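**Q** Here are the chains, one letter per residue:
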Amino acid sequence: MQTYLAIAAMAVGSYGLRAGGLWVVQSVELPPFARRALSHSAGAVFVALLTPAVLDGGWPDLAATAVAAAVALATRRLWAVVVAGTLAAALFRSLP
Amino acid sequence: MSDEAPASTLQIADAASGARLVLPLAASSLAYGVVFGALAAAQGLTFAQATTMSATLFAGSAQLVVLEVWAHPPSVVLVTLTALAVNVRLVLYGATLAPTLGRLPTVPRYATAFFLVDETFALAAADQRHGRSRPSLLVGAGLVLWVAWVGGTVAGHLAGGHVADPAAWGLDFVFVAVFVGLLTTLGEGRRDVLPWVVAGAVALVVERLAPGAWYVVAGGLAGSVAGAAQTPVPGSSPAS
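As you go down the protein sequences, you meet chains A and B in turn. Note that the numbering used here gives residue 28 to position 28 of the first sequence, counting from 1, and the numbers run on in steps of one. Each number in the numbering used here comes from the position in the second sequence (counting from 1) with 96 added on.
Hints in this document: simulated from the structure, not taken from any laboratory. Note that the structure is a prediction, hence the values are computed from the model and not measured. Treat each hint with caution, since some may be false.
Claimed, not checked - Pair ranges (Cβ atoms, derived):
hint : chain 1 : residue 1 : chain 2 : residue 2 : range
1    : A       : Glu29     : B       : Gly227    : 16 to 26 Å
2    : B       : Ala325    : A       : Ser27     : 23 to 33 Å
3    : A       : Met1      : B       : Glu164    : 17 to 27 Å
Unchecked claim - Below, a sample of chain B positions facing chain A; criterion: calculated Cβ distance under 10 Å:
hint : residue
4    : Leu141
5    : Leu160
6    : Val172
7    : Val173
8    : Asn183
9    : Gly190
10   : Asp214
11   : Leu239
12   : Trp242
13   : Val250
14   : Leu278
15   : Glu284
16   : Glu303
17   : Val321
18   : Ala324
To be verified - Away from chain A, derived, C-beta distances all over 12 Å, residues of chain B:
hint : residue
19   : Ala112
20   : Arg228
21   : Val243
22   : Gly247
23   : Ala255
Virtual Cβ for every residue (Gly too), placed ideally from N, Cα, C.
Start from the sequences, fold in the hints, and give me the full structure.
**A** Right, here's the structure in full:
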């Protein structure tokens, strides 16, 4: 029972976050600075998610990230990035 | 844009485009779902509990982090706060995509908000940046990802202990590769350099200083502010 209560609380709270940001922006007139900031939020959040994860993984993860970035820039195909990056990580981590 | 004609509820063609664009990400979401399902089984969650969590929470990183702090019985307050801390970035997603979602009537608008996850957000944000703002893209992509995530959870829980160490296969790196790929779809060149450098630097510092996943929000906010503060359109010729 407690488990389902926890799941329900997490689900309701997460939906509240999803809907809340949308609701605030539509209810309040945002100044131009805030609108410009929001246009940068996507890339900024992803870089913030990635940086510690990559650096904590040491050189194999750094090298695999470089491979993924190179494939991304060369092909612009997400599936190629995922396949190449994951294979590179498995390979580099298996090296002595 | 708000002055565009409102989109009628569901544009099938746009939803199909979203579904197609998200397919490679759905494959990684499926793999991640398998990892989550297997770890959830190892933590003692029943099949029904793990599947319910994936279906209603629909948040890969939050669910994996929550398993780390799981106990029997779980502390409702602790696991909820942990999940919400990882998910705070979803506030930015909803706010950023308000011009796209605002084209829908209220009920479908807030129903579509359920499908805001990293992958769908990146696709819809890129769509919005390119001036198209198709809300149904988000629905199509979100449905495919949801099926992959829940299906992966089901498979992973059934397989249980048979899933070998995911790190040895590089499967945990799928997450990094996905975000690297998403960044290149979002990037627009020089005006992204400053916000991205600031976001990465602030995230690194805050990760060392603060517990949990606050570094994601801190880095994201700092990078966004830096992007807004920089002089507009570097390299464009002055007006006079």
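**Q** Was Gly247 (chain B) rightly flagged as not at the interface, with every chain A Cβ beyond 12 Å?
**A** holds (18 Å)
**Q** Mind checking the hinted window 23 to 33 Å against the Cβ distance between Ala325 (chain B) and Ser27 (chain A)?
**A** With Cβ atoms ~25 Å apart, the hint holds.
**Q** Measuring from the C-beta of Val172 (chain B) to each C-beta in chain A, is the shortest one below 10 Å?
**A** holds (5 Å)
**Q** Next item in the hint list is Leu160 (chain B). Is there a CB on chain A closer than 10 Å to its CB?
**A** violated (12 Å)
**Q** Quick one: work out the minimum CB distance from Ala255 (chain B) to chain A and report holds if it exceeds 12 Å, violated otherwise.
**A** Holds, because the least Cβ-Cβ distance between Ala255 (chain B) and chain A comes to about 19 Å, which exceeds 12 Å.
**Q** The hint says 17 to 27 Å between Met1 (chain A) and Glu164 (chain B); measuring C-beta to C-beta, is that right?
**A** 22 Å Cβ-Cβ, so the 17 to 27 Å window holds.
**Q** Under 10 Å is the threshold here; is the Cβ of Trp242 (chain B) close enough to any Cβ of chain A for the hint to stand?
**A** Trp242 (chain B) check fails; min Cβ-Cβ to chain A is 13 Å, beyond 10 Å.
**Q** Next item in the hint list is Leu278 (chain B). Is there a CB on chain A closer than 10 Å to its CB?
**A** holds (6 Å)
**Q** Quick check on the hint: Val173 (chain B) CB to chain A CB, less than 10 Å?
**A** holds (8 Å)
**Q** Closer than 10 Å between Cβ atoms is the bar; does Gly190 (chain B) clear it against chain A? Give me holds or violated.
**A** Given a least distance of 3 Å, the restraint on Gly190 (chain B) holds.
**Q** Non-interface claim for Ala112 (chain B): all C-beta distances to chain A beyond 12 Å?
**A** Given a closest Cβ separation of 17 Å, the condition holds.
**Q** Using Cβ atoms only, decide whether Leu141 (chain B) comes closer than 10 Å to chain A, and label the hint accordingly.
**A** It holds, given that the least Cβ distance between Leu141 (chain B) and chain A is near 7 Å, below 10 Å.
Violated hints, listed in ascending order, are 5, 11, 12 and 13; each of the other numbered hints is respected by the structure.
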